[in-house]
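K.L.:
Below, each chain spelled out in residue letters.
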Amino acid sequence: MVAPITDRGSRRPSSATRWLAVLRTPVGACAGFGLLALIVLAVIAPVLWSARAGRTDVAAMLQGPSARHWAGTDNLGRDILARVLVATRLSVELALLATVIAVVTGLVLGTAGVLVGRRVGRVLAAVVNIAVAFPGLLLALFFAVIFGVGARGAVLAIGFAGAPAFARLAQTLVAGIEQRDFVAAARIAGVGRVRILLRHVLPNIAESLIVNASIGAGGALLAFASLSFLGLGVQPPSYDWGRLLGDGLTGIYEQPIAALAPGVAVILAGLAFNLFGESLAKGIGLTATLGRVPLGRAQRRAAPAEPAEPVADDVVLDVADLVVTLPGHHAPIQPVRGVGFRIGRGEAVGVVGESGAGKSLTALAVARLIEEPGRVDASRLRFLGADLLAGPPQVHRRLLGTSLAMVFQDPMTSLNPTRRIGGQLAEVARQHGGLSRGAALALAIDRLRAVRVPAAARRAHQYPHEFSGGMRQRAMIGMGLMGRPALIVADEPTTALDVTVQRQVLALLESIRRADGVALLLISHDVAVVGQVCDRVLVMYAGRIVEDLPAAELATGARHPYTRALVAAVPDMRTDLDRPLAAIPGRAPDPARFPAGCAFAPRCPLATDRCRTTEPPLETDERGRRVACWYAGVSEHVDPTAMTAARGGHE
Amino acid sequence: MTTLTAAGPAPRIVESPAVRFAVRRGIRFVVSLWVLLTAAFGMIHLIPGDPVRAALGISASQSLVNSRRHALGLDQPVIVQYWHYLSGTVTGNFGTSLTSQLPVSRVIAQRLPATLELAASAFVLAIVIAIPLGTFMGVLTRGGRARRAELTFTTTSVVLGAIPDFVIGVVLVWIVGVHLQWLPVAGKSGLGSFVLPVLSLAIGPAAILSRILRVEMIAVLQADFVRTARAKRLPARVVYVRHALPNALTSTITLGGLLLSSLVAGTVLVENVFAWPGLGSTIVSSILAKDYPVVQGVVLVYGIGVLGVNLIVDVALALLDPRSTIRES
Amino acid sequence: MSELRFDDVSVRYGTRRRGLTAVAGVRLVVPDGEVVGLVGESGSGKSTLARAAVGLAPVTSGRILLDGRPVPLRGPRRPVQMVFQDPYSSLDPRMTVGATIGETVPRRDPVTGTALDRRTEVDRLLELVELDADLARAFPGQLSGGQRQRVALARALAARPDVVIADEITSALDVSVQGTVLNLLRTLLRELGISMLFISHNLAVVRYVATSIAVMYLGRIVEHGPAADVLGDPQHPYSRDLLAAVPESGHPAAPPDDPALRAVTDAEPADPHHPPAGCGYHPRCPIGPFVLADRDRCRTEAPTTDHRHHAACHYAASAEPGASHR
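Here the protein sequences line up with chains A, B and C, keeping their order.
With the numbering used here, letter number 583 in the first sequence gets 583, and the count goes up by one each step, no holes.
Throughout, the numbering used here is defined as the position within the second sequence, counted from one, plus 651.
Throughout, the numbering used here is defined as the position within the third sequence, counted from one, plus 980.
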């Protein structure tokens, strides 16, 4: 049960730093400032302006804005601005109180499942599920009837009305954490339920809860204004913004500002809470997204186009000096830097390397599938004689759509879950072949049969989730066969599959290759798979090809120390059981920081000062093999176990 | 995961995911309805003190209170009342108003159409605005493109989404009604009177919905199957509309459902702003007058409306995404 | 002496009508100080069996015994520990490495009864898995995949277990790191004398670590024997299929010409929700009823395991390795 890792949980800065960083964004700073102002106002306004707000002045009824009354006066001659400012305290106070009730009740309901066991948790979840479908205002009205009209009733009503949403949130978050293996590990270790909740679950959901509580407080503020506006909340002679708004609306023709001023206050306060929550949420998720630095205007080609070499007819793909540039945190990064190779008709070429070596990006780049803001440069990129760099990708749509087939790693996610398999295949023929709907579907069924999907006609009407992993991958391959492919680019096509299914898929690719003379570019992290399927292997490290050799020589004839280590690190069915496996110390370099000189030098047992300063060129020998190593010739016999000497702790 | 092996049993009708989904969804609707009925019934019994006394006031004579209690059946055991309530509701008998003495069902029948028209128009308007706008913005700003357009759109939609509908209503009344005097601002009289209430109800949900859809579009456009669609060299329009949009909608719909059912509740406020002769004004005046049978009936109608919206959302989801029918089993 | 014994263990999920038998009557012994490798495809139930042993999956029937007594699932002493596949999910991102390991350290040494000091124990365990003691203060986010998996290993060892269950512990790691983790595992097993159930989909990895191998298919153990015997002379056709699927150099063989044989080699993996009647493997079996006419009993009659390597195949004895198989 091999599952690809989705959340790498990469290095995140500490939470305090991230929370501070939120305040440094313009929106976050505005929201933080607004919230602070709101709270200060709530504290001081009643102290300063209470008297002014309550003073009736029959002589100055319904006046417009003036130097004395900045926002005019109401129908009793009271200063509107002062009343709005004084109302801040009650509005904010009641909203916060209701939020506390909502969060606490919700948290109790939502985390009870961890403490009292699954069965009770399921019942609670069902109850919460029904309650959460009802909008907060309706629940608030319902509770307002029970708790009675007035401020106290409204606080309870809004608090309980908000509870289901928080309970649901807490349940979802808890369920997400409980699925993770560290909770299972704690259970196995005998850690009690309460401790699991306090030590493992709550700290991991706290951030989300705080963010949502902030947004929830904004919601409570608005809900309170609503109830008071309807006359169900704060009762005279007390007043909050909703009350002022409701009273102002009745006289909107005489004194519009009496309705608009509290309206503006509600909007600003609601926005302050909302934006603060949103920018916190964004800040917390921010580390996962790429910072973007513009790539600048480099010319399309890395080097001036060479005079077109006479290209032999049997070259399917010809790539030279391929560079892929992506936006990075600080500066653009180049995960692929200067890759060149050719694939002949019917030839199978494998690309191996560790994650981050640039294998997949190379495949996507030659297939013209890297989108803006990523950029692909090359001095030559020719497919079946056509210059793919000439003109926009649309120009080559037909050629690529019919002659280049792609197979991706995860057949689960690579097919559209909302469309039938047959339709997904057929649209290729409709688009590029101009076939009618019926003819295209017939061809799709024929192609499914060709990739040996049993009962193809019936299964063409099924959705991807009704297919097993292996069958989905067959359908992907069948999709590529809708045209007349000259090249299949397969990016880790069997990594997500079981070994027996892997064999079926590899055998299928092999038989297609044999029957129609289709070339194959197979990307894999698995040296054994590449060694079995391919004629020739390209070994990639840190965005470059470091060795290019016949697959048959992988085990014995590799000249680059990295290739040899890669082969020796993987146990096969002939590995000597009495000796430790070879290991490569250190980690593969980060594309943002490729070392100077030979990129493998820091992990290489043979590295000298020359390697660390000067990058070895990729030299071609008389048999067409290529290798980039200063010591490629002299280092034939190195004991791979010598490389295990470095301790794993430094990897 | 794996389905239908060669040796597997032939699929029976009960095994069909669509049928199982319909059955499960039906059961959930009935259970929710029952919970709703029980809550509406319980509401009156949870009110501290005697609701009849509260409704009639301190000055009412004890004999009047008693006879009214008897007429409402409040002197019977709770379980008998519950049974009467359930059976009564099923046959359309919601009781009698304490203040007007009219059957609650008649009050509802008078008021419901205005509310339905308002909610449905706003519902449609919100969707008609949000789907094209969200899709377009998603495509335009995918992968960090068009930063300025993104910032403008996000800011505007956050602000519009955060303003409560009744405040939008008040502002619209002031601008269009008081200032420009273009449209009527109170009551229901012809098409013109619909414009402002529908707008105040629809603007917020439309803003939030289009923002959610934009985010979902951006996420979906990074999905593997969109890469597959591009690898098939389909025209951009086909990739966006036929491959990405249905998937973006599936996740939008769930949130959109919540939003749209809160639109149903929002009618209460907006009706009070525009003196719209619907259920919303009725429920507020009844709560203030402590006319509990009417409150009970109207709450029930709103609740059923919300359940209806949820049902529509789930069916739409099932039509869009075949996987949703087999989830949660 | 610590021996983990699965005695007719079944794990069933869901209702009677629409349920899933993930593990069906498994009998398996992990002898003292030995490493049993458990192989099989996704959905074969190998992870469920592992989770049942530590109480994470409900045992519907049968018993899991440690030295003849049920594995304790309550109380402070947890002699069976587990290491998970994904080192990114198995460490709490908000706890330091030291706290994570320390949480599992028992108050007293289970053998001598002396009180244990958490700090010194954590240092000792980090040393044991060849990590710097400084890392105790680090958070998982600061570690590489290989380092995380070492921490997970240290956490399991902190409980002073008798048996450790390792569920695909190298499959999420980069190949260059896989080797170091396997080397470490072998050293630890040798030095500490722990018994281990080692689960992997990769036969070559299992071969490198395990002393005996059990093959699981659709919730059942279909073959079990010493590693060299099972790999050298597999009795069950599914074991042979697994072995043949290990990539070796040379192009993969094209599918066989015989249409019946081709159909079974292309057959989909079985659905655990609808397991086939009789022998669970018969729809995919190259020596079964879909290929050979006289083998109808495979469709109806579940095979016993009284063959070589406890192979659950009616024709285990008569099967000629290699000949009937592509």
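To be clear, the hints were calculated from the coordinates, so they are not data collected in a lab.
A few of these clues could be false.
[To be verified] Covered by chain C, per the in silico footprint, the following chain A stretches (three or more residues, Cβ under 8 Å): (1) 98-106; (2) 196-206; (3) 495-505.
[Said to hold, decoys possible] Chain A is nowhere near these chain B residues, computed Cβ spacing over 10 Å in every case: (4) V729; (5) T750; (6) L763; (7) G794; (8) T807; (9) A813; (10) V824; (11) L831; (12) G841; (13) V892; (14) H894; (15) L906; (16) V915; (17) V957; (18) D972.
[Unchecked claim] Here are the simulated distance ranges between beta carbons: (19) A:L23 <-> B:L802: 10 to 20 Å; (20) C:T1100 <-> A:S355: 32 to 42 Å; (21) B:Q761 <-> A:S436: 50 to 60 Å; (22) B:I826 <-> A:S436: 48 to 58 Å.
For clarity, every value in this text was computed on a predicted model and none was experimentally measured.
Even glycine gets a Cβ: it sits at the ideal position worked out from N, Cα and C.
K.L.:
Compare the structure with each hint and give your call.
P.N.:
Outcome of the hint check:
1. 98-106: violated (count 0)
2. 196-206: It holds, with 4 qualifying residues against the three required.
3. 495-505: It holds: at least three residues are needed, and the region 495-505 of chain A offers 7 whose Cβ sits within less than 8 Å of chain C.
4. V729: Nearest chain A Cβ is 16 Å from V729 (chain B), so the label holds.
5. T750: holds, 15 Å
6. L763: For L763 (chain B), whose nearest Cβ neighbour in chain A is about 16 Å away, the distance exceeds 10 Å, so it holds.
7. G794: G794 (chain B) not clear of chain A: closest Cβ-Cβ about 6 Å, inside 10 Å.
8. T807: Given that every Cβ of chain A is farther than 10 Å from that of T807 (chain B), nearest at about 12 Å, it holds.
9. A813: Label violated. Min Cβ-Cβ 5 Å, cutoff 10 Å.
10. V824: Since the minimum Cβ distance to chain A is about 6 Å, V824 (chain B) lies within 10 Å and the statement is violated.
11. L831: Label holds. Min Cβ-Cβ 13 Å, cutoff 10 Å.
12. G841: The claim stands: G841 (chain B) keeps its Cβ more than 10 Å from every Cβ of chain A (closest is about 21 Å).
13. V892: Check passes; 12 Å lies beyond 10 Å.
14. H894: violated, 5 Å
15. L906: Check passes; 12 Å lies beyond 10 Å.
16. V915: violated, 7 Å
17. V957: Violated: least Cβ distance 5 Å, not greater than 10 Å.
18. D972: violated, 5 Å
19. A:L23 <-> B:L802: 10 to 20 Å: Holds: the Cβ-Cβ distance is about 18 Å, inside 10 to 20 Å.
20. C:T1100 <-> A:S355: 32 to 42 Å: holds, 37 Å
21. B:Q761 <-> A:S436: 50 to 60 Å: holds, 56 Å
22. B:I826 <-> A:S436: 48 to 58 Å: holds, 55 Å
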